[in-house]
Amino acid sequence: MTVISARGIRFSYDESRPPALRGVDLDVAAGEVVLLRGPSGGGKTTLLRALGGLLPHFHGGAFGGEITVAGLDGRRSRPAEVSLRAPLLFQDVEAHAVMSDVERDVAFGAENAGVAPGEIRERVGGALAAVDAKHLAGRRIDELSGGERQRVALAGVLALEPQALLLDEPTSQLDDRSAARNLELVRRLAGERGLAVVISAHRVDRVEAIASRVVEIRDGRIGRGLDRDQGLPELARARRLGPEALRLSTVTIAHGERVVAERVHLALHAGSVLALSGPNGAGKSTLLRAIAGLHPVRAGSVRIEGREVAAAPPEDRVPALGYVGQDPGRHLLTESVRAEVELAPRYQSLPRRTRQDRVAWALSALGIDELADHHPLDLSTGQRQRVAIAAAISGRPRLLLLDEPTRGLDSDGRRRLGALLRALAADGMAAIVATHDSGVAGLAADRWARLGGGRLTEQRGANRSPA
Amino acid sequence: MTRRAGAPGPLVLLGLGALVLAFSVEHPAPIVALAIGAVALLLTAPRAPSRLYLIGGAISGIGLIALNPFVTGEGEHILFRGPRLTPFDTEITVEELAAGAVGGVRVFAVAVLVGALLSHVDADRLQARVARVAPRSALMAAMSARLLPALERDSRAIVEVARMRGARLGVGSWHRRARAAAPLALPLLGSGMERGLDIAEAMTARGYGAGPRTRTPEPPLDRRQRMLWIPGVLAVVVAAAALITGSGAYTFYPLLDPLLQGGAALLALLAALALGAAAWLSR
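Residue numbers (the numbering used here), protein chains in the order written: chain A, 1 to 467; chain B, 1 to 283.
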């Protein structure tokens with residue numbers, strides 16, 4: 001039985017921009033799991049929004065074609081009605097949360113569906129247990145890590161007991177174990193309850209195992225199904241290390257009352273890339289922020305190029321240090337991609353010619369030359385991520401800290417990022433990359449470390465998956 | 001686990017009473033008492049209190065204090081008489097300074113009070129209450145309850161990003177820093193608009209507005225939360241008394257009234273008691 005049917009879907013956000021969807025046809029049957037793949041900005045998120053009944057209601061624009069979702073006409077039904085039968089899990093999980101604490105947020109959809117109050121509690125408990133997040137009950141949403149939020153958001157859509165699931169990058173911030181568990185849960189629900197599932201993902205390697213079908217979407221059109229991800233190429237690993245770029249000595253860091261790293265020692269030399277892994281909520285982001293001097297250190301010292309990082313104000317840490325935090329696409333500062341990437345060289349008062357060269361190099365390295373004159377807010381999550389990374393490397397930092405840099409990146413973006421980090425390391429840069437993406441880590445890193453239970457444990461040996 | 005935010009009923013009552021009092025009295029004593037009480041309430045918020053309200057309130061208040069003598073032409077005790085600069089009045093009097101100071105403290109008290117209430121109130125419960133009586137307005141309530149903290153986080157993140165790229169926002173003279181910070185207003189505005197749309201879209205995408213909704217019963221309020229009704233009711237009673245009796249009246253021009261007035265002192269004492277008790281119960 002067909003649960004989702006889309007015929008000739010066309011959509012433009014506005015007349016000045018090229019159409020985001022150009023005549024998409026897609027049928028998804030009950031029990032089927034369809035994996036949507038394709039480049040960033042290709043139309044995956046827009047198609048999911050259309051299937052979820054949100055287009056054109058929330059974004060204006062010109063819409064054409066017919067959509068039927070779980071028996072509802074997607075164009076004539078109210079978006080909220082469609083959402084109860086086919087909820088959309090947003091790529092940006094921060095935007096997904098509506099309530100302040102975990103249980104209330106998971107209950108929100110079920111309350112909107114008019115589920116009896118007594119049953120809601122059961123559904124909330126069941127959904128949290130299903131996504132391995134029962135321990136998060138009672139926590140505030142804004143205290144959760146990105147991966148924990150992603151689990152809570154999935155619990156929220158599962159608590160609806162819908163007929164279809166629309167999942168936009170549902171594992172982009174999950175560690176490998178949690179991702180495998182949640183995807184297995186989705187596969188099981190599809191099989192047992194006859195859910196129709198559409199998943200958009202760049203980490204095809206994670207999702208294809210549960211997908212009944214892989215559909216490629218590029219430039220707003222459905223292409224042919226692809227069998228397997230091409231994977232990331234292996235690059236030469238030999239490199240020469242330079243002077244010490246970073247030293248952590250008996251560093252203890254806490255997030256509120258919780259100690260996330262205790263008596264940590266680490267030395268990193270120019271030319272080395274360290275991949276930092278660990279389960280969701282282990283404190284990887286907090287550790288990176290502490291290294292950048294943006295989070296207080298409870299004990300010990302963080303020295304970059306021999307100087308205590310917190311001794312200088314953040315603006316004086318440049319260009320010794322570059323930092324790209326989680327969700328950087330929300331905090332772009334200028335009106336165009338070119339201006340954004342030029343900011344760091346401009347603040348360094350570099351000559352105009354050098355600035356232009358830096359911008360051209362950074363845009364090309366991230367594969368976003370064509371976006372140079374776009375407004376950052378017009379870009380997809382993955383494209384914004386690339387812009388933020390380009391804006392950091394254009395300052396030519398000697399130590400680069402990247403927090404989950406592959407979120408929203410397609411395989412081309414991940415490949416480019418891996419190759420770029422290798423090239424920059426060969427040029428003498430040191431980097432720490434906090435990531436669950438073992439592919440990019442394997443491509444770029446020569447050292448691996450895992451943070452968990454307050455301990456930072458180095459994993460010796462080349463090309464070891466940090467998962 | 002962090003402390004839960006406060007029940008909206010008593011806090012809304014407290015805020016209503018305190019705001020009515022702030023705008024209905026002129027005497028300095030109750031206004032200063034409100035300002036002190038508001039700061040105490042802000043400092044006991046369950047989450048780290050936002051400096052945004054303190055700084056914003058202080059800047060607005062100081063601005064009013066500085067501006068008032070130049071836009072008012074009253075008072076008997078002349079301190080300074082400057083050149084004629086139309087439309088400004090450069091004759092500065094003690095009475096103008098006093099009126100400006102009271103106005104400035106009032107603005108500061110109101111800004112901090114609003115910040116304190118937003119930091120204390122349980123936004124989810126507030127949204128549920130609003131949804132019960134005005135379902136369509138719940139969307140607006142949810143947006144406003146979440147937008148301010150989100151904007152605050154975004155503004156911190158935007159400043160951080162700019163500084164980590166080398167923008168000199170934390171060094172140099174204040175006017176150089178202000179000039180460096182000015183361009184950041186635009187991305188903050190863009191981020192705010194995007195956040196607003198995100199919240200509205202997320203609520204709809206999660207079925208809000210599909211039809212009649214149910215609600216999971218909330219755990220009952222604890223003793224302290226229930227006791228918050230006392231300062232809430234007290235604040236309303238004080239505001240009503242000020243309106244009915246006019247005991248918070250004060251005249252700045254042409255000469256300042258005497259400061260020692262029994263009615264105003266009592267209002268100040270009761271206002272401080274209401275806000276102080278609320279702060280103590282919420283700590």
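Simulated from the structure, these hints should not be mistaken for laboratory data.
Don't be surprised by glycine CBs; every beta carbon is placed ideally from N, CA and C.
Each hint should be verified, as a subset may be incorrect.
To be verified - Okay, the calculated beta carbon distance ranges per label pair:
1. A:H265 - B:L269: 52 to 62 Å
2. A:E15 - B:G196: 42 to 52 Å
3. B:A134 - A:D373: 41 to 51 Å
4. A:R22 - B:G63: 17 to 27 Å
5. B:A58 - A:A320: 44 to 54 Å
6. A:H265 - B:G170: 22 to 32 Å
7. B:F23 - A:R121: 18 to 28 Å
8. B:L269 - A:R121: 41 to 51 Å
9. B:L52 - A:L185: 51 to 61 Å
10. B:R224 - A:R188: 40 to 50 Å
11. B:S144 - A:R258: 23 to 33 Å
12. A:R22 - B:V71: 58 to 68 Å
Stated by the list, open to error - Straight-line Cα separation of at most 25 Å, SDA-like style, residue types lysine to any residue; simulated pairs:
13. A:K134 - B:L54
14. A:K134 - A:T286
15. A:K134 - B:T251
16. A:K134 - B:L184
17. A:K134 - A:R187
As the list claims (entries may be wrong) - One-sided excerpt, in silico: chain A residues whose CB lies under 10 Å from chain B:
18. S5
19. L88
20. L189
21. P296
22. H374
Hint by hint, here is what the structure shows:
Distance hint for H265 (chain A) and L269 (chain B): a CB-CB separation of about 58 Å, consistent with the stated range 52 to 62 Å. The hinted window of 42 to 52 Å between E15 (chain A) and G196 (chain B) is violated, with their beta carbons roughly 24 Å apart. Taken as a hint, the range 41 to 51 Å holds for the pair A134 (chain B) and D373 (chain A), whose Cβ atoms sit roughly 45 Å apart. Evaluation of the 17 to 27 Å hint for R22 (chain A) and G63 (chain B) yields a failure: the beta carbon distance comes to about 54 Å.
In this structure, A58 (chain B) and A320 (chain A) break the distance hint of 44 to 54 Å, their C-beta atoms being roughly 35 Å apart. The beta-carbon spacing between H265 (chain A) and G170 (chain B), approximately 30 Å, falls within the hinted interval of 22 to 32 Å. In this structure the hint that F23 (chain B) and R121 (chain A) lie 18 to 28 Å apart at CB is violated, the actual value being about 44 Å. A beta carbon spacing of about 46 Å between L269 (chain B) and R121 (chain A) agrees with the range 41 to 51 Å that was offered as a hint.
Judged by the Cβ atoms, the range 51 to 61 Å given for L52 (chain B) and L185 (chain A) is violated: they are separated by roughly 41 Å. Our hint of 40 to 50 Å for R224 (chain B) and R188 (chain A) holds, since their Cβ atoms are close to 45 Å apart. The hint said 23 to 33 Å for the Cβ distance between S144 (chain B) and R258 (chain A), and at roughly 31 Å that hint holds. At about 60 Å, the CB distance of R22 (chain A) to V71 (chain B) agrees with the hint of 58 to 68 Å.
Of the pairs offered as hints, the one joining K134 (chain A) and L54 (chain B) is violated, with about 38 Å between alpha carbons and a cut-off of 25 Å exceeded. Of the supplied pair hints, the one linking K134 (chain A) and T286 (chain A) holds, its CA atoms being roughly 23 Å apart against a limit of 25 Å. Between the alpha carbons of K134 (chain A) and T251 (chain B) the distance comes to roughly 61 Å, so the proposed pair goes past 25 Å and is violated. At most 25 Å may separate the alpha-carbon atoms for a hinted pair to count; K134 (chain A) and L184 (chain B) exceed this at roughly 40 Å.
Distance check on the hinted pair: K134 (chain A) and R187 (chain A) sit about 21 Å apart at the alpha-carbon level, within 25 Å; holds. For S5 (chain A), the shortest C-beta to C-beta distance to chain B is roughly 20 Å, which exceeds 10 Å, and the interface hint is violated. Hint status for L88 (chain A): holds, given a least beta-carbon distance of 5 Å to chain B, under 10 Å. Against a cut-off of 10 Å between C-beta atoms, the interface hint on L189 (chain A) is violated, since the closest Cβ of chain B lies about 18 Å away.
For P296 (chain A), the suggested interface contact is broken, since its CB lies about 13 Å from the closest CB of chain B, more than 10 Å. The beta carbon of H374 (chain A) is not positioned within 10 Å of any beta carbon in chain B (closest approach about 14 Å), and the interface hint is therefore violated.
The structure is inconsistent with the numbered hints 2, 4, 5, 7, 9, 13, 15, 16, 18, 20, 21 and 22, although it conforms to all the rest.
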